[in-house]
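At position 32 of the sequence shown (counting the first as 1) the number is 32 in full-length UniProt numbering, and the numbers step up by one without a gap.
No wet-lab data here; the hints were simulated from the structure. Relax, there's no trap hidden among the hints.
As a list, the in silico PhoX-like pairs of lysine-lysine whose alpha-carbon atoms are at most 25 Å apart:
| no. | residue 1 | residue 2 |
| --- | --- | --- |
| 1 | 115 | 188 |
| 2 | 111 | 124 |
| 3 | 188 | 38 |
| 4 | 177 | 188 |
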Amino acid sequence: MTQTIAILGASGYTGAELVRLIATHPSLRAVALSGDRKAGMSMGDVFPHLRHLGLPDLVRIEDIDFAGVDLAFCALPHATSQAVIADLPRDLKVVDLSADFRLRDPADYQKWYGKPHSAPDLQKEAVYGLTEFYREQIRAARLVAGTGCNAAAGQYALRPLISAGVIDLDEIVIDLKAGVSGAGRSLKENLLHAELSGGTHPYSAGGTHRHLGEFDQEFSLLAGRSVRVQFTPHLMPFNRGILVTVYVRGDAAEIHATLAAAYAPEPFLEVLPFGALPSTRSIAGSNYVHVGVIGDRLPGRAVVMVAMDNLAKGSSGQAIQNANLMLGNDETAGLMLAPVFP
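The whole structure should be built from the sequences, with the hints applied where relevant.
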């Protein structure tokens, strides 16, 4: 059975990644693609790597007829999705890839994003989209809020450890390296090749990064008390991928065993043998997550590392995984592509 899909914001990186993954999906078919600044253009003109797919041309959102659409992916900028989704038909299933519905408390949204939440009623029905931990809620949801890509990587390293009580919750340090596609497709001076290539750039340091709102929310909910982590992301001169290194206090062997047991049933999460280290090269272009654990020379300390693709499992792949659940498909449909190497 064919299920019809609209992609709002198809002219951005996450929109293009949705199109790429849906192209081999057994049941999803994109029938409407929006891209306001590029309305009237073909996807092949905007993204030449997609020109062979016979896709509909880009249009404005207001020109889409949603009557025959089963689910819409909203791949729009932050602070845009709230207003757009509020105007969509209330029976339309929606997966939002922006930050607009990730934080359950509208006051937290205002704190981290600097403006009041414009759709608090919709926020009440939104389900947080970290698939492996909210699977049943997502299956029954109408509106799913995709996670931040950095937030997803950090949570894959830590959620089972917090739940099992095997680490010190007051000593968690998250160091993250992210590819430049995570900053989006808009033209920005600091992302010019001459200013980015050959360098590493920390940003939003000292507790100012917006994904800390998700860490605070999710880790505190798991622990039943306030959990505040240290987090510093770095922008790297490669196109896609995230490598997160998490420093924790706890027994390394127990930490590895806890993660291995938690993720054993999961189709996309692979815990490497103890002491093996993950790499962004090994997951590029895929929905897979590699998790590694090593001990430290300091007794009672361990290092957890996670590698994942920010555009796939961190965003568009995660969105399709959630859409599969919402539409009654096999959760892995369209997502079993092997990573690209070299």
